[in-house]
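Residue numbers (this note's numbering), protein chains in the order written: chain A, 1 to 238; chain B, 1 to 310.
These aren't lab readings, by the way, just hints derived from the structure by calculation. In this text, all values refer to a predicted model and were calculated from it rather than measured experimentally. You may find that some hints are simply not true.
[As the list claims (entries may be wrong)] Simulated coverage check for chain A against chain B, where a stretch passes if three residues somewhere in it have a Cβ under 8 angstroms from a Cβ of chain B:
no., segment
1, 89-97
2, 105-114
[Claimed, not checked] With a cut-off of at most 20 angstroms between alpha-carbon atoms, the simulated SDA-like pairs for lysine to any residue come out as follows:
no., chain 1, residue 1, chain 2, residue 2
3, A, K231, B, P76
4, A, K231, B, A59
5, A, K231, B, P71
6, A, K231, B, N75
7, A, K231, B, A77
[Unchecked claim] Footprint (simulated), chain A over chain B, 3 or more residues, beta carbon under 8 angstroms:
no., segment
8, 57-63
9, 68-78
10, 85-97
Don't be surprised by glycine CBs; every beta carbon is placed ideally from N, CA and C.
Below are the chains, spelled out letter by letter.
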Amino acid sequence: MGPVFTLTLRQLAGSRRAWLVLGLCGLPPLTGVLFHVAHSTTTPAKFADDVTATLVASAILPLVVLLVATAAFGNEVGDRTLVYLFMKPLARWRIVAPKLAAALVVGGIPVAVSGLVAVLVIEQGNPGGAVATGIGLFVGAAAYAAVFVWAGLATRHALVFGLVYVFVWEAALAAYLDGIRFLSIRRYALGVISALDDERLRSLDHPLASGTAFVGAGLVIVVFTVLAVRKLVRIDVP
Amino acid sequence: MSDTAAAPTIAVEGVSRWFSGVVAVSDVSLVVEPGVTALLGPNGAGKTTLLRTVAGLIAPSEGTVRVFGEPARGNPALYGRIGYMPEHESVYDFLTGRQFVEWSARMQHVADVGAASRRAIETVDLVEAQDRSLRGYSRGMRQRLRLAATLVHDPPLLLLDEPLSGTDPAQRLHLRDVIRALAAAGRTILVSSHILEEVEGLADRIHLMVSGKLAASGDYRAIRKQLNDRPFLVRVDSSGPRVLAAGLLEVDAVESVEIDAAGHLRVRSKDVASLQVALPAVAQRLGVRLLRVEPLDDSLESVFEYLARG
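Hey, can you work out the whole structure from these sequences and the hints?
Take a look at the structure:
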C-alpha cells in the first residue's frame, strides 16, 4: 500500500463522515430483520429487490460514496494540504488512483457488503443473488467514486453537485425522461446485478442490457478518472 | 545537458500573474543562483504568488519560469529536486510529527526513510516532540516540522515562504543557522520575508517586491544603505516652533522644515543620526523647549515604497 493510499484511508476513515457511512450501511440489513419481524406479506425475493433498487441503489449507495469520495481531494483543497501531495515527484495518476481506491475501501466496500448482507437476511439464503448484489453495488460505487473524486478537485461545491446529480438527474428527471437510464450510474449498478443473476430485479422497468451496464460503468470510471488526473495537472494549488 | 548545466537554478522571465483582473505579479524577471536569496516586500507585494509560480503550483498568466533549465509547471519529476514550504501552516494534523516527515520521505522515494527523517527532525531540533500529534504543536513547532519535511529528501533547491514567521527569537536564530548551513553546502535557497531585519545575515542577495513588481535587487548592505539614505520626516512639537524652524534650517542634515496649521514642525532629513544630535542642541541654544519628537513615516510600507521609487 502506497503512502497516498494509506494517508487517504486515515483521512477518510478517521473523519466523522465514516460514522455516518457506518450508520447508513447498517440500514439495509436492519430493514431485512424488520421484514421478518413484521411478517410482511410481500415475498422475500420481491422485498429484497425493492430494498436493493430503492433504498440501497437509489439513496444509500450514492450518498455514502458522495460523502467519502468528494472528501478524498475536497479535504485537501479545503484545508490547503494539497500542496504536500502536489509537490512530490509522482505522475499525477499515481495520486488520483490511490485516492479513488481509498474512497472505494471506505465507501464502496461497506455499501456492497451492506447490500449483500441485506439480501442474505431477507431471503435467508440465496448466496448467488447476494453476491450479485454486492458486485453490482461495488461497480456502481466505483463509477460514483470516479465522478465524485473528480468533483472534489474540480469544484468547491462538490457535495451540491453530487446531490443535484443523484436526486435531480437520476431520481426526479429519470421519472419523466426514460432515456436518462443510459446516463445513470444507478441504472448501471442495477443492470450489473441483473446481468450476474437474472432472477434479481425482474420487476425493474426498462432494465439496461448487461453489456450497456458494464460498458456504461466502465466508461464513467475511465473518463472521470482521466478528467481527475487532467484536473490535478492543471489545478492552481491553493 | 550543457544548456542545463549553464542555466541558473531559477530563471524567471517576464512573469505576470493576475487573479480575476487583480494583478498579483507584474512583469518580473530575475535569476536565482546557489546561496540564499530573499524575496523581500510588504504583505500583498506578490512574493507568495511568485514563489508559487516558481514551484509550478500556479501557471503564470504571462512569461516563463524555468527551474534547473526545465519548465516548472506540469513537470512532477522536478519535485524530487525541490523542497517547497508554503506560508500557511496547514498540515495533516491527524499524524504525529515523525509520521508527517516519514510520509514526505516516502513520497520522495528516499532510500532510508527512517535515517533521513531522524536527520531532518534533529536538524530542526524537534526530537522530543516528534511523536506528538501535530494537533498539539505550536505555530513555531509546526513551522520547524514543515521545514524538516521540506528538506527530508535533501533537495538542491529550497523554496521557503516566510520560514521564520511564528518562531520565537531563539528558534529564529537556530533556523537562520540551519538555512545558512544548507546554503553553505551548495544548495539554492529562495526565502520570502516581509521583515528587512529578518533577512540580515541570512540572505546573500535580495529581490525587493512592491505592488507586484520587482523594485530593487542587490545584496543586503546595498538595500540597507538605500534605506539609511532615504529622507525621514519627523514631527517636532516645541514651545517656539518658528524660532526652532529657523535654527534647524541652518543644520546641514535638515533638507526642509514646514510648520503646519497647529504649529507643529515637519522636519525632513536624510541623515537621521545627525538630526538626532543637532535637534536638542539647536533647541537648547535657542531656548526652545522640545515637547514631542515623532517619526512620521517609519512604517514598513513607507520604507519599501521609498526603496521601490529609488
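Right, here's what the structure says about each hint:
1. Requiring three or more residues with a Cβ within less than 8 angstroms of a Cβ of chain B, the coverage given for the segment 89-97 of chain A holds, as 4 such residues are present.
2. Restraint check on the segment 105-114 of chain A versus chain B: 0 residues with Cβ-Cβ distances below 8 angstroms, three needed, restraint violated.
3. At roughly 14 angstroms between alpha-carbon atoms, A/K231 and B/P76 fall within 20 angstroms of each other, so this suggested pair holds.
4. Between A/K231 and B/A59 the alpha-carbon distance is near 13 angstroms, which keeps this suggested pair within the 20 angstroms criterion.
5. The suggested pairing of A/K231 with B/P71 holds, with an alpha-carbon distance near 19 angstroms, which does not exceed 20 angstroms.
6. Using a Cα cut-off of 20 angstroms, the hinted pair A/K231 and B/N75 holds, with the two alpha carbons roughly 14 angstroms apart.
7. Distance restraint check for A/K231 and B/A77: the Cα-Cα separation of roughly 18 angstroms lies within the 20 angstroms cut-off, and the hinted pair is therefore satisfied.
8. Only residues whose C-beta sits within less than 8 angstroms of a C-beta in chain A count toward coverage, and the segment 57-63 of chain B has 3 of them, enough to reach three; the restraint holds.
9. With 4 residues bearing a CB less than 8 angstroms from a CB of chain A, the segment 68-78 of chain B meets the requirement of three and the coverage assertion stands.
10. With 7 residues having a beta carbon nearer than 8 angstroms to a beta carbon of chain A, the segment 85-97 of chain B meets the requirement of three or more and the stated coverage holds.
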